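Protein chains: 2
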Amino acid sequence: MWYTNFGPSGDIVLSSRVRLARNISKIPFGNKMSDADLEKIESICKDALPELKFIDLSKMSVFERLALKENHLISPEMADEKKSGSILVNDDCTLSILIGEEDHLRIQAMDSGLSLEKCMQLANQIDDRLDKKADFAFSDELGYLTCCPSNTGTGLRASVMMHLPALTQTCKMESIIRSLSKLGIAVRGIYGEGSTALANIYQISNQVTLGISEEDSLSRLSQIVDDIIAKERSISLEIYQANKFRLEDKILRSKGILQNARIITSGEALSLISDVRWGINLGIIKDINHEQLLSALYESFPATIAKNHNTSSPLERDLKRGEIFQKVLKSN
Amino acid sequence: MWYTNFGPSGDIVLSSRVRLARNISKIPFGNKMSDADLEKIESICKDALPELKFIDLSKMSVFERLALKENHLISPEMADEKKSGSILVNDDCTLSILIGEEDHLRIQAMDSGLSLEKCMQLANQIDDRLDKKADFAFSDELGYLTCCPSNTGTGLRASVMMHLPALTQTCKMESIIRSLSKLGIAVRGIYGEGSTALANIYQISNQVTLGISEEDSLSRLSQIVDDIIAKERSISLEIYQANKFRLEDKILRSKGILQNARIITSGEALSLISDVRWGINLGIIKDINHEQLLSALYESFPATIAKNHNTSSPLERDLKRGEIFQKVLKSN
Numbered sequence: 014m015w016y017t018n019f020g021p022s023g024d025i026v027l028s029s030r031v032r033l034a035r036n037i038s039k040i041p042f043g044n045k046m047s048d049a050d051l052e053k054i055e056s057i058c059k060d061a062l063p064e065l066k067f068i069d070l071s072k073m074s075v076f077e078r079l080a081l082k083e084n085h086l087i088s089p090e091m092a093d094e095k096k097s098g099s100i101l102v103n104d105d106c107t108l109s110i111l112i113g114e115e116d117h118l119r120i121q122a123m124d125s126g127l128s129l130e131k132c133m134q135l136a137n138q139i140d141d142r143l144d145k146k147a148d149f150a151f152s153d154e155l156g157y158l159t160c161c162p163s164n165t166g167t168g169l170r171a172s173v174m175m176h177l178p179a180l181t182q183t184c185k186m187e188s189i190i191r192s193l194s195k196l197g198i199a200v201r202g203i204y205g206e207g208s209t210a211l212a213n214i215y216q217i218s219n220q221v222t223l224g225i226s227e228e229d230s231l232s233r234l235s236q237i238v239d240d241i242i243a244k245e246r247s248i249s250l251e252i253y254q255a256n257k258f259r260l261e262d263k264i265l266r267s268k269g270i271l272q273n274a275r276i277i278t279s280g281e282a283l284s285l286i287s288d289v290r291w292g293i294n295l296g297i298i299k300d301i302n303h304e305q306l307l308s309a310l311y312e313s314f315p316a317t318i319a320k321n322h323n324t325s326s327p328l329e330r331d332l333k334r335g336e337i338f339q340k341v342l343k344s345n
Numbered sequence: 014m015w016y017t018n019f020g021p022s023g024d025i026v027l028s029s030r031v032r033l034a035r036n037i038s039k040i041p042f043g044n045k046m047s048d049a050d051l052e053k054i055e056s057i058c059k060d061a062l063p064e065l066k067f068i069d070l071s072k073m074s075v076f077e078r079l080a081l082k083e084n085h086l087i088s089p090e091m092a093d094e095k096k097s098g099s100i101l102v103n104d105d106c107t108l109s110i111l112i113g114e115e116d117h118l119r120i121q122a123m124d125s126g127l128s129l130e131k132c133m134q135l136a137n138q139i140d141d142r143l144d145k146k147a148d149f150a151f152s153d154e155l156g157y158l159t160c161c162p163s164n165t166g167t168g169l170r171a172s173v174m175m176h177l178p179a180l181t182q183t184c185k186m187e188s189i190i191r192s193l194s195k196l197g198i199a200v201r202g203i204y205g206e207g208s209t210a211l212a213n214i215y216q217i218s219n220q221v222t223l224g225i226s227e228e229d230s231l232s233r234l235s236q237i238v239d240d241i242i243a244k245e246r247s248i249s250l251e252i253y254q255a256n257k258f259r260l261e262d263k264i265l266r267s268k269g270i271l272q273n274a275r276i277i278t279s280g281e282a283l284s285l286i287s288d289v290r291w292g293i294n295l296g297i298i299k300d301i302n303h304e305q306l307l308s309a310l311y312e313s314f315p316a317t318i319a320k321n322h323n324t325s326s327p328l329e330r331d332l333k334r335g336e337i338f339q340k341v342l343k344s345n
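Order-wise, the sequence lines are chains B and W.
The first sequence begins at 14 in our numbering and counts up one residue at a time.
The second sequence begins at 14 in our numbering and counts up one residue at a time.
Simulated from the structure, these hints should not be mistaken for lab results.
Do not take every clue at face value.
Since copy identity is lost for identical chains, a pair holds within one copy or between any two.
Computed cross-link-like contacts, DSSO-like style, restricted to lysine-lysine with a CA-CA straight-line distance of at most 27 Å [to be verified]:
hint : residue 1 : residue 2
1    : Lys-257   : Lys-340
2    : Lys-340   : Lys-39
3    : Lys-320   : Lys-257
4    : Lys-320   : Lys-131
5    : Lys-263   : Lys-340
6    : Lys-343   : Lys-185
7    : Lys-343   : Lys-299
8    : Lys-146   : Lys-340
9    : Lys-299   : Lys-66
10   : Lys-340   : Lys-145
11   : Lys-244   : Lys-195
12   : Lys-263   : Lys-131
13   : Lys-66    : Lys-244
14   : Lys-146   : Lys-343
15   : Lys-244   : Lys-45
16   : Lys-257   : Lys-244
17   : Lys-131   : Lys-145
18   : Lys-299   : Lys-82
19   : Lys-257   : Lys-146
Owing to the predicted nature of the structure, the values given are computational and were not obtained by experimental measurement.
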């Protein structure tokens, strides 16, 4: 899967995502949409994109839905809600079209590392193909019409997932978050809105969709991400130079625990993984690579474990998580 | 060296020691002994035991003395004091004769595991050879005369070093110590009198030297040690059965830290080593054996590190200790 690959600037950027919010004319928006409306939208999408796999969320267990969320294929809202909804996904899961989320359609394109343009291209292709079959709600004055006014205009939200241990440790994230917010850029935790920054991973995304072109939106975000990458890299080296032994000790202990513990909670795993990632970047850890770590990270999310291994209790999951790390993080 | 070998009942017993306190007639005891007296005793011993290596402690640095203490070749008193004194040792360091400690002579025989009889034999041989050259202070009524009345009689102190994590964890050591004390058996930390039990290691020794034969003294101690071994083994299994995953987790984490940490203090090392030893005994750890662990333990004592690696600060020693564990505890 794309999310275990090491992409461009993969030392800092885990993944990129572009999503387009779209609604279809003459079908009621949001809560007013009926089950029959939903089926109509699904049928338009299947017709326009026959090669994609259709997944009906209402036929899935809670853990299966949550596992889709952990793999970024659906939003947290779609995982938690009991309401109907469905998705269309491609083979490598870089594309997922959420049907019946807040808007009729959310076209999501994702890839590893800093790859906003690649994601934008894929999303645009799909948008064009859907546009031929569906009459999208569009105003010449405002642009694409959406359920929530915050998405109206381009309907574009682009985001990158960044791992920023050095900026976090030196308490620089707060001021970065403040100044980015003034530029219309939001900083959130790993699962978007409302989620806290676990494992020093932050989601950086554009907020402005009105009165700006898609291209400008994307290039502004890219510029900001490049700046943050440069800052993180330079402060990371500063910290290492100033505290070589202590930092090596902290990072190597985390590696030792991650490779040996029998019982690991999800929270502890994220914190240990953050240390090990940092250690790989600084050259402190040479016998584990980013791909291994990403693979262990995604395999060890709670719902993914529950789904893959049919575990029934938190202790069973924590034990299985220990097994996964021991297996995946074997020294090279 | 003997102390890194896995001896009889080596899962629980690290080492055994027998020491005989002897004084020479017509030479003043204790503080009243002059430098000339000391030289006279040294000369008698060298003459009687020409194959042994003579070490003059007054010519050694503090770290060299402390390293001898860490290897059990001299007592803590001889390491700390600035007063003169010397030892005679054999090639494999199973024998050391302390000259000018509290008594004129202390004949020490040591070996790995539970091997009190073997130690007694060696000590007796040396005692006999010295007896031919020296006129030992002896009373038909009391036995061998010593500086402190607590040693008068046999002059024998036999001790075993036991690793008792299960009895410690279940808080059973206190009552064991109390009841052994009534039987004339003392329980102390790893370096004898006054030292606390680090790493769940206890020194069990006989206290009665008057009105008892050497053989009875030894067989009583052996019996008690056998009882404690049986108790430790059975409680250890009980704990493991009741808390399998939690105990495995604790032990494997300790192993992971010991194999990976960059900076380890002496105190932390002892506590981690205790867990790993226990893990080897329970079959939880299979890629490290007791010999490796004992070798790392003895190599990583503070003064031994200072002496072998010429370190000057505690941080340097803690870094070197990390290196030693990484090197010695490489998975088999």
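Against the structure, the hints:
Taking CA atoms no more than 27 Å apart as the test, Lys-257 paired with Lys-340 passes between copies only; the shortest distance there is 20 Å, against 29 Å inside one copy. With identical chains, the CA atoms of Lys-340 and Lys-39 are never at most 27 Å apart, being 53 Å at best within one copy and 72 Å at best between copies. Taking identical chains as interchangeable, the C-alpha atoms of Lys-320 and Lys-257 lie at most 27 Å apart only when they sit on different chains, with a minimum of 25 Å there against 41 Å within one chain. Within a single copy, Lys-320 and Lys-131 get their C-alpha atoms no closer than 31 Å, and across copies no closer than 61 Å, so neither meets the 27 Å cut-off.
For the homomeric pair Lys-263 and Lys-340, the shortest alpha-carbon distances inside one copy (22 Å) and between copies (19 Å) are both at most 27 Å. For a Cα distance limit of 27 Å, the shortest separation of Lys-343 from Lys-185 qualifies neither inside one copy, at 34 Å, nor across copies, at 39 Å. For a Cα distance limit of 27 Å, the shortest separation of Lys-343 from Lys-299 qualifies both inside one copy, at 12 Å, and across copies, at 16 Å. In this assembly of identical chains, Lys-146 and Lys-340 lie within 27 Å of each other by CA distance neither inside one copy nor across copies; the values are 47 Å within and 66 Å between.
In this assembly of identical chains, the alpha carbons of Lys-299 and Lys-66 never lie at most 27 Å apart, being 39 Å within a copy and 47 Å across copies at closest. In this assembly of identical chains, the alpha carbons of Lys-340 and Lys-145 never lie at most 27 Å apart, being 48 Å within a copy and 66 Å across copies at closest. Only within a single protomer do Lys-244 and Lys-195 lie at most 27 Å apart by alpha-carbon distance; the minimum there is 19 Å, versus 69 Å between protomers. For the homomeric pair Lys-263 and Lys-131, neither the shortest alpha-carbon distance inside one copy (37 Å) nor that between copies (46 Å) is at most 27 Å.
Taking CA atoms no more than 27 Å apart as the test, Lys-66 paired with Lys-244 passes in neither setting, with 41 Å inside one copy and 63 Å between copies. In this homomeric assembly, Lys-146 and Lys-343 never come within 27 Å of each other (Cα to Cα): the closest approach is 50 Å inside a single copy and 63 Å across copies. Within a single copy, Lys-244 and Lys-45 get their C-alpha atoms no closer than 46 Å, and across copies no closer than 73 Å, so neither meets the 27 Å cut-off. For the identical chains of this complex, Lys-257 and Lys-244 are intra-copy neighbours only, at 19 Å inside a copy versus 46 Å across copies, given an alpha-carbon limit of 27 Å.
Proximity of Lys-131 and Lys-145 under a CA criterion of 27 Å is satisfied intra-copy only: 22 Å inside one chain copy versus 94 Å between copies. Within a single copy, Lys-299 and Lys-82 get their C-alpha atoms no closer than 31 Å, and across copies no closer than 39 Å, so neither meets the 27 Å cut-off. Proximity of Lys-257 and Lys-146 under a CA criterion of 27 Å is satisfied in neither setting, with 59 Å inside one chain copy and 60 Å between copies.
Hints 2, 4, 6, 8, 9, 10, 12, 13, 14, 15, 18, 19 from the earlier list are contradicted by this structure; the remaining hints agree with it.
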